[in-house]
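Trainee: Below are the chains, spelled out letter by letter.
Number of protein chains: 2
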Amino acid sequence: MNINLNENFFKLKESYLFSEIAKRVRDYSAKNTDKKIIKLGIGDVTLPLTPVVITSMHKAVDEMGNKDSFRGYAPEYGYNFIRDTVASFYKTWGVSIEGEEVFVSDGAKSDLGNIVDILGDNLILIPDPVYPVYLDSNIMSGRKVKFLNATIENNFLPMPDETITESTIIYLCSPNNPTGAVYSHKQLKIWVDYAIKTGSLIIFDSAYATFIKGDLPHSIFEIDGAKKCCIEINSLSKMAGFTGTRCAWTIVPNALESNGHKLNKMWARRQATKFNGVPYIIQRGAEAVFSEKGLQESKALVEYYMENARLISEVLKEKGVWFTGGISSPYIWLKCPNNLGSWEFFDYLLNNAQIVGTPGQGFGNGGEGYFRLTSFGDRENTLEAVERLRKLL
Amino acid sequence: MNINLNENFFKLKESYLFSEIAKRVRDYSAKNTDKKIIKLGIGDVTLPLTPVVITSMHKAVDEMGNKDSFRGYAPEYGYNFIRDTVASFYKTWGVSIEGEEVFVSDGAKSDLGNIVDILGDNLILIPDPVYPVYLDSNIMSGRKVKFLNATIENNFLPMPDETITESTIIYLCSPNNPTGAVYSHKQLKIWVDYAIKTGSLIIFDSAYATFIKGDLPHSIFEIDGAKKCCIEINSLSKMAGFTGTRCAWTIVPNALESNGHKLNKMWARRQATKFNGVPYIIQRGAEAVFSEKGLQESKALVEYYMENARLISEVLKEKGVWFTGGISSPYIWLKCPNNLGSWEFFDYLLNNAQIVGTPGQGFGNGGEGYFRLTSFGDRENTLEAVERLRKLL
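Chains as they are written, first to last, in my numbering: chain A, 20 to 412; chain B, 20 to 412.
Do not rely on the hints blindly, as some may be mistaken.
Since the list gives no way to pick one copy over another, a pair counts as held whenever it fits inside one copy or between any two copies.
Here are the simulated DSS-like cross-link-like pairs (lysine-lysine), alpha carbons at most 30 Å apart as the crow flies [unchecked claim]:
{"id": "1", "residue 1": "Lys318", "residue 2": "Lys208"}
{"id": "2", "residue 1": "Lys78", "residue 2": "Lys312"}
{"id": "3", "residue 1": "Lys336", "residue 2": "Lys50"}
{"id": "4", "residue 1": "Lys54", "residue 2": "Lys30"}
{"id": "5", "residue 1": "Lys163", "residue 2": "Lys284"}
{"id": "6", "residue 1": "Lys284", "residue 2": "Lys42"}
{"id": "7", "residue 1": "Lys110", "residue 2": "Lys281"}
{"id": "8", "residue 1": "Lys163", "residue 2": "Lys30"}
{"id": "9", "residue 1": "Lys30", "residue 2": "Lys246"}
Since the hints were made in silico from the structure, they are not lab data.
As the structure is a computational prediction, the values presented were derived from the model and not from experiment.
Isolated chain A, as found in the complex (with noise of 0.2 Å):
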């Protein structure tokens, strides 16, 4: 053939971050066939899914199963039975939002990555250090990209640069993926009222907003303003344990308007034409998370979590290792000892303690030196990785 492809593709770097990891832990493996290894890497939950939400979703494949209970096609943007259940769990927040400024979907990832659908062509500012998804779906859409630093000087939690005067789109994620640092409710007003008066918009991710302990905002709609300057995308995956599950939401408040017109009409528009629902037995699934038990029981897993969070950060601490993260966050990012590099650190826990973790360098070039461990393991190999981060740091 000879088509015009979109040749932004070409402009992308090749993600070798986990295959690069998954080669030297086999070689590593296949020369030490005695030694048996923890993964603190990947960002994937190991916890079941709760009782309430296994037994909603055997009702619901029963349903499916019946001609007078069957359900074809879902509405696009979710059954109201789920919107509406979003926006009243956002009620615990503090924040007023409703059931038809939610948009069900597949995931968090999948929503990051189409709402470029809607955008023009603007300047992307995007913190560096970062989950890929922002700046990948950008070059891909081959917008200008700036990048937020975020540094051990600013605690990893960028703040507006107040020399770029022009609208832009700013991706914030907080509690932050890698780093776990989580802006307070001053540092976000400071991001609203930056974006109001630049005219910009800001896509908040708040994938993690269940993990935070304390008085910190949990979504950006807690802060004035922010209906008219801000998309909100949050999910089950980490809240839940639905990474295998998928069930997700966006938040496109019906104030949001840009030279009048209406982001949640377009993205409605851009979910009907290419979208067709989340499958009605995952919706039933995701609708039992919010009952009261349901949130107990997901309280109950994110605990469960954050204790291996503490563990980790203890002997961190212990051993004067600098970390951020690992209190309202499930990851913890931790400045390589001994000035080591990422992949130097990586190869370092890996060959003397047979830990496996992510080098900070694959979420960025910000990330060089540092290093990501999350608490998404089981409770007795992470308690044998402190022991072993004992001896070792």
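Here the structure of chain A is known, so what remains is to put chain B in place on it, guided by the hints.
Mentor: This is chain B only, laid out in the frame that chain A set:
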């Protein structure tokens, strides 16, 4: 805000079709509360998921509730168990494809909409009338579209326009939605030869393939040379009643290249960046469809609907109404009697027989004067509708 939006969205026509139908039905019902309305309009299935699918999903739900069998993130392209199963299924059509050429997704609509992400600016050829997603997703990305006129003269099966000699993107749907027309091997060979000659890409929508009776191609890959110029998109929605359960697949052959770039790798990158896979539970349900028992059960669903199609077809033949489809497709596409317009015939049927169909005009200007009836209703209602048509026409 004053960010730049994707202004192509403002060129989209508002889709009033199904809301206008709903409004007219509502108005009629309000005035005629004693009349029973029979809906033969929407393209949604009514029979429940089959027993093997239900059993398989219950098992998968249980696995997700147990720590030892729990599954987190699925591979973005689908588990090998389903990719390989789909590839094996194609052998029944004499087509040899590899599992890695199969990308499993949440819907044909998603893939048909998202495929534009990997394509550059090309002239787009789209049949008229046709399923609206082809047109809308290309308008959204600012492409120039030329219609392939499907008319009564070509039996609603447009063939290549030899005056177009440049490389284009060609959308074909066979069996066709809404016309039910099906291309022969000979006709598709002409299309494939034309695509190869002009360096074009064919995007082949085969969502209704299992409705085919007799010696007609189920897959574009039955045609010699197709792997060099075709992508095929198919789904379990109509084949196994998955409209509310969501599982589809797209085949991007390894041999498919444009100017040295492999489209399989580009689609892989698109999906890995903007999609996180189909729920494990749903993938297990989908796998069950392709088991020996599952295929028998799916066949019974299709046969049930096709008996409805036969009943509707018979009364149309009896009354001398011109139509196509209804033999290898669940859709019957009829010429409105007495040269009525699509909406005039809609009102006529609603007012005089309380039957709701879909005005052909809703699928493009070429559909004006035509009307779509579907066989997805239940038997009892379909029989009653047939009797009403027998009296009315």
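Trainee: Please work out whether the CA atoms of lysine 163 and lysine 30 approach to 30 Å or closer within one copy, between two copies, in both situations, or in neither?
Mentor: For lysine 163 and lysine 30, the Cα distance is within 30 Å both inside one copy (12 Å) and across copies (25 Å).
Trainee: Pop the pair lysine 318 and lysine 208 into one bin, within, between, both or neither, using alpha-carbon distances up to 30 Å.
Mentor: within (28 Å within a copy, 59 Å between copies)
Trainee: Within a copy, between copies, both or neither: which one fits lysine 336 and lysine 50 at a CA-CA cutoff of 30 Å?
Mentor: Classified as neither; 33 Å inside a copy, 75 Å across copies.
Trainee: When Cα atoms must be at most 30 Å apart, do lysine 284 and lysine 42 count as within-copy, between-copy, both, or neither?
Mentor: Close across copies (21 Å), not inside one copy (46 Å); limit 30 Å.
Trainee: Classify it for me, lysine 110 with lysine 281: is the Cα-Cα distance of at most 30 Å met within a copy, between copies, both or neither?
Mentor: within (24 Å within a copy, 48 Å between copies)
Trainee: Cα distance capped at 30 Å. Does lysine 78 pair with lysine 312 within a copy, between copies, both, or neither?
Mentor: both (17 Å within a copy, 23 Å between copies)
Trainee: How would you label the pair lysine 54, lysine 30 (within, between, both, or neither) given a Cα cut-off of 30 Å?
Mentor: neither (40 Å within a copy, 62 Å between copies)
Trainee: Taking 30 Å as the upper bound on the Cα-Cα distance, should lysine 163 and lysine 284 be classified as within, between, both, or neither?
Mentor: The answer is both: 26 Å in one copy and 24 Å across copies each meet 30 Å.
Trainee: Treating 30 Å as the Cα threshold, decide for lysine 30 and lysine 246: within, between, both or neither.
Mentor: between (34 Å within a copy, 26 Å between copies)
Violated hints, in rising order: 3, 4; the structure is consistent with all others.
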